[in-house]
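J.: Each chain, written out:
4 protein chains.
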Amino acid sequence: MIHVMDCGTPVKPVALRPGMTVSDLVDALGRAGAYNGGSLARGVDLWERMVRDEEAVRFFGLAGAMVPAGMGGIVADLIERGHIDVLVSTGANLTHDVIEAIGCSHYRGTAACSDIELRHDEINRIYDVFLPNEAFVRFEAFMQEAFEALPEGSVLSISDLLRHIGLRLETGILATAARKGIPVYCPAIQDSMIGLQYWLFSQTHRVVIDAFRDMPGLLDRCFGAKRAGAFLVGGGVPKNYILQSMLMTENGFTYAVQLTGDRPDLGGLSGATLDEARSWGKLTEEAEAVTVYADATITFPLMAAALLERLEASHD
Amino acid sequence: MIHVMDCGTPVKPVALRPGMTVSDLVDALGRAGAYNGGSLARGVDLWERMVRDEEAVRFFGLAGAMVPAGMGGIVADLIERGHIDVLVSTGANLTHDVIEAIGCSHYRGTAACSDIELRHDEINRIYDVFLPNEAFVRFEAFMQEAFEALPEGSVLSISDLLRHIGLRLETGILATAARKGIPVYCPAIQDSMIGLQYWLFSQTHRVVIDAFRDMPGLLDRCFGAKRAGAFLVGGGVPKNYILQSMLMTENGFTYAVQLTGDRPDLGGLSGATLDEARSWGKLTEEAEAVTVYADATITFPLMAAALLERLEASHD
Amino acid sequence: MIHVMDCGTPVKPVALRPGMTVSDLVDALGRAGAYNGGSLARGVDLWERMVRDEEAVRFFGLAGAMVPAGMGGIVADLIERGHIDVLVSTGANLTHDVIEAIGCSHYRGTAACSDIELRHDEINRIYDVFLPNEAFVRFEAFMQEAFEALPEGSVLSISDLLRHIGLRLETGILATAARKGIPVYCPAIQDSMIGLQYWLFSQTHRVVIDAFRDMPGLLDRCFGAKRAGAFLVGGGVPKNYILQSMLMTENGFTYAVQLTGDRPDLGGLSGATLDEARSWGKLTEEAEAVTVYADATITFPLMAAALLERLEASHD
Amino acid sequence: MIHVMDCGTPVKPVALRPGMTVSDLVDALGRAGAYNGGSLARGVDLWERMVRDEEAVRFFGLAGAMVPAGMGGIVADLIERGHIDVLVSTGANLTHDVIEAIGCSHYRGTAACSDIELRHDEINRIYDVFLPNEAFVRFEAFMQEAFEALPEGSVLSISDLLRHIGLRLETGILATAARKGIPVYCPAIQDSMIGLQYWLFSQTHRVVIDAFRDMPGLLDRCFGAKRAGAFLVGGGVPKNYILQSMLMTENGFTYAVQLTGDRPDLGGLSGATLDEARSWGKLTEEAEAVTVYADATITFPLMAAALLERLEASHD
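Chains as they are written, first to last, in numbering that gives the first Met the number 0: chain A, 0 to 315; chain B, 0 to 315; chain C, 0 to 315; chain D, 0 to 315.
Honestly, the hints are just simulated from the structure, not real lab data. Take the hints with a grain of salt, since some may be wrong.
With a Cα cut of at most 27 Å, we get these calculated DSSO-like pairs of lysine-lysine [stated by the list, open to error]:
(1) D:Lys179 with D:Lys225
(2) C:Lys225 with C:Lys179
(3) A:Lys179 with A:Lys225
(4) D:Lys11 with C:Lys179
(5) B:Lys179 with B:Lys225
(6) C:Lys11 with D:Lys179
(7) B:Lys11 with A:Lys179
(8) B:Lys179 with A:Lys11
Away from chain C, derived, C-beta distances all over 12 Å, residues of chain B [claimed, not checked]:
(9) Ala55
(10) Gly102
(11) Glu144
(12) His163
A quick note: this is a predicted structure, and the numbers were derived from the prediction, not measured. Positions of the beta carbon are idealized from the N, C-alpha and C atoms, including for glycine.
Please build the complete structure, drawing on both the sequences and the hints.
T.: Here is the structure:
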């Protein structure tokens with residue numbers, strides 16, 4: 000029989016204090032340590048170690064409609080502060096990043112509405128966020144002007160194209176990444192409004208976007224990395240593309256944190272555990288990995304605020 | 000065509016500040032206002048109004064294995080501060096509350112383990128929380144002693160029985176509720192370790208627990224309430240029992256906040272929207288209601304910390 | 000290095016044949032054997048073994064709003080055919096069973112509607128099922144008449160009360176169970192419209208429903224069982240009450256199948272794996288157990304149709 | 000007050016018959032009509048209408064790890080029978096399709112295992128499916144040989160590349176699509192083992208895969224379509240790419256069925272309702288649309304078997 004004292008660390012009931020900081024709260028969740036609250040606290044610890052490891056390449060995956068929900072500013076801030084070395088995103092997040100960067104807004108709407116009425120009112124819905132068509136009119140003007148500036152007859156990688164766009168913007172993810180020299184990969188760029196705009200442009204222009212031209216640079220980075228870390232908001236293409244990038248090397252990821260609302264039992268990659276990635280060699284055997292199952296519009300700001308507080312504190 | 004300016008309030012991208020308080024973070028989520036992050040912020044606003052409404056009876060539903068995860072202290076604290084008038088709980092949460100109150104601990108374990116080995120080691124698992132059998136040995140001793148003190152031949156309600164237990168404890172939910180005179184209802188008390196202990200006791204004693212004896216007091220409270228509010232952690236019996244309690248009155252709930260990981264499309268009450276409750280008259284037509292879909296070990300401490308900060312702030 | 004031939008049974012791609020029977024389809028899912036499709040097929044195999052084991056007591060747990068969704072007839076049929084020995088249900092399912100048995104119907108509605116309008120139209124909503132208030136008027140008349148027939152001053156168990164109701168009905172779960180002498184347990188009976196009706200009755204009558212009076216009979220059954228099996232539709236009180244019932248014995252469940260839409264990482268009992276139950280001794284070490292994660296309005300009829308087909312086939 | 004007779008169609012309780020066919024079962028679920036069981040039946044009805052509409056272009060989206068779970072044969076069969084006009088897939092499904100087509104198998108494993116041991120045994124895990132590294136050795140040989148046959152210096156679209164691969168195979172999705180002249184789109188082809196193999200090939204060869212070269216053909220198809228239908232297994236890039244394809248036309252999809260395990264409240268496209276797509280004009284106002292929330296390893300074979308049975312029946 001195991002005696003109580005052999006059973007490990009007790010769950011310390013969460014004690015709240017009015018006015019506590021976000022990192023105080025995360026510390027309290029960590030001392031309780033159970034379910035996704037516990038995972039969240041371990042995820043902040045691991046993210047902090049990843050960010051502090053100057054010999055590690057830090058990948059960041061961005062899937063799910065995070066920018067329309069107001070989460071883009073945090074990503075741009077993390078790039079600005081130097082906590083992201085490689086960004087992989089869905090095309091949708093980058094589309095909405097451009098929309099905000101050219102001065103349009105998303106709006107707080109509701110999911111309990113008539114989508115047919117919204118259609119008549121020329122409003123597009125993303126769960127409870129509204130986006131007027133007007134924004135796409137301005138988006139089209141900006142994108143076409145940006146594409147016009149590409150040298151006719153050239154062959155570009157997707158990240159070249161995204162840097163070209165980012166350099167024409169002042170705020171947001173693409174702008175900050177371009178300014179800081181952080182590559183932004185988006186393997187399925189065609190699958191977005193940026194892609195549809197590019198199709199429009201390509202009707203009359205001849206600039207080839209080579210689907211594979213980004214891979215040598217990415218893979219070289221992976222071969223050269225002493226260690227690698229991944230912070231994954233959502234699954235989809237960004238998660239898989241990041242995790243598979245280390246597959247060709249001897250190494251795998253040493254740190255991995257994923258925030259997902261999906262579940263493992265459906266077999267899809269988005270909800271797959273990070274342990275599963277160990278069997279493929281995407282994570283090293285010794286890698287530390289944490290999954291937090293919850294809506295990232297709650298967990299991502301919470302974890303990022305705690306991370307910044309801790310980094311600041313140690314900075315002083 | 001709807002013009003951008005007619006479309007409502009813009010989603011304000013979340014801006015983080017190292018060292019920000021929990022309520023600052025919730026305010027930032029509220030200004031973004033999207034998905035469950037937005038719901039969480041609206042939920043705190045609504046909870047605050049509910050708690051400040053001195054003419055409202057505030058119900059609190061506690062389902063899911065919250066106490067083993069270290070969430071019991073927050074509930075006891077809310078009772079202590081006077082923010083809960085009626086508590087409805089599952090039997091499991093009360094069992095684990097007693098276990099902690101008699102000095103036993105839950106332990107931080109892992110879900111990736113052999114349950115057969117745990118069985119050999121006499122450790123019970125609740126997802127990633129471990130509880131040694133030893134705790135149940137002490138629990139049995141405490142419970143039997145408590146039951147022995149019941150007057151033979153008496154007929155009690157379930158809340159009478161729980162108050163009797165709470166009065167013999169010094170800390171935790173049952174102790175605080177008993178001390179503050181807050182009724183604790185637990186319709187399915189048989190369905191818990193407290194129930195199994197009671198079965199053991201009843202082998203040799205004759206004390207009847209009348210399943211329905213709590214209803215007149217609860218219903219009287221409902222008939223007398225000017226307004227009623229419900230804060231629901233999880234679904235199950237507590238959610239339904241609370242919501243149905245206003246069904247016999249002319250009134251319904253005016254405020255309702257639920258934290259759940261379930262989903263509506265399966266038809267179960269636990270994941271049902273609060274709007275559905277409006278069709279039944281459980282909520283009034285004008286009631287404000289917010290559901291936050293996420294693990295309550297994240298959302299409950301986050302929301303409670305923000306609530307306490309706001310109440311404190313206004314107190315000064 | 001493991002060679003392909005050492006890796007076990009190949010996933011056999013599902014081949015469909017127009018006009019195949021339900022059991023043919025389940026067999027095909029079983030030969031593929033992956034994710035929840037594979038679990039479903041293993042679940043049917045296990046259920047079949049459980050039903051064929053004449054020395055096993057077969058428990059059936061019924062949670063979630065299954066009866067309003069048209070699933071009650073399958074349960075009644077399983078009782079009729081002798082495949083259920085003990086039924087544990089939520090009060091809601093039994094309420095809706097009575098409603099159907101007295102000749103009222105549930106209606107096919109929609110979840111995309113105004114609950115305030117439904118309220119005005121006196122229609123209650125359960126996801127996309129509608130139930131007119133009129134049904135509750137007839138329900139009240141039936142229930143009060145049934146309760147009036149209880150001997151004043153008596154003390155009953157909950158299953159006594161439910162048998163009393165079932166004997167006054169001709170079709171459905173309660174009627175079939177009463178006729179076949181199958182006990183129906185419902186620990187949280189207060190938490191239902193049956194409970195509210197009983198409260199009404201108890202205003203003017205004195206019949207005590209002893210919350211614990213069912214436990215000795217249930218526990219005796221468990222102590223006497225050579226083996227026990229559990230088929231669990233949904234979680235909640237029925238799942239826990241069934242699984243805890245073997246806890247006091249030396250034994251545990253030998254067979255267990257659960258159909259659930261919940262998930263394990265939230266820590267709640269409803270979504271907990273059946274392996275977790277092994278650590279508690281609720282399942283034996285050797286027990287076979289299968290969880291199928293999906294909506295039970297799909298999996299339950301599919302599995303039951305396959306079960307009946309197999310039992311019939313072997314019967315010929 | 001609404002009278003019972005005004006409330007629509009009653010939920011007809013499901014009655015099972017041993018030996019019933021799959022379509023019989025789906026019909027029974029349809030007469031009940033509730034929750035996801037009801038949606039599944041409506042989804043089969045809609046799919047049947049879509050397939051029978053000879054003026055409609057029928058799109059099929061394939062996301063999630065469906066091929067490793069044995070679902071690839073159904074897709075190939077649907078192509079063979081002429082029920083799919085345009086296929087959009089993730090790269091992973093096509094990778095595993097090639098693996099099966101070259102004679103390797105996936106294996107029935109377990110999710111309850113040590114991924115570190117699997118790594119040592121050179122077995123890759125996809126939830127409860129195992130795939131030995133050996134398969135990737137053979138995959139590499141096949142892929143490199145296939146790529147070597149591409150004319151040096153050429154510029155291809157992604158669907159050209161996939162047709163080139165399919166023409167070298169005899170069975171499976173890519174082979175059947177190539178033989179029947181059905182285009183296979185895979186916008187994020189880089190994000191897969193096919194992509195990694197291509198990167199390897201491109202180290203020493205110069206064949207450009209133009210990311211956008213597929214769009215004119217796809218968009219022309221959309222502009223020319225009288226009506227369009229979408230059957231979506233999973234979300235991800237295939238769902239979005241299909242739905243956005245009609246965005247540039249005056250039209251939208253007239254029929255849409257999606258099978259997903261995701262949920263709408265997280266804001267991601269994979270779990271988004273099809274109604275949301277109406278606000279964007281991706282679906283027409285009058286479009287019929289059904290979402291079935293459940294594991295597609297259950298719903299997809301069930302629905303496809305019912306579809307084939309109905310088509311066959313009417314054929315006789």
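J.: Return the numbers of the hints above that this structure violates; sort them in rising order.
T.: none
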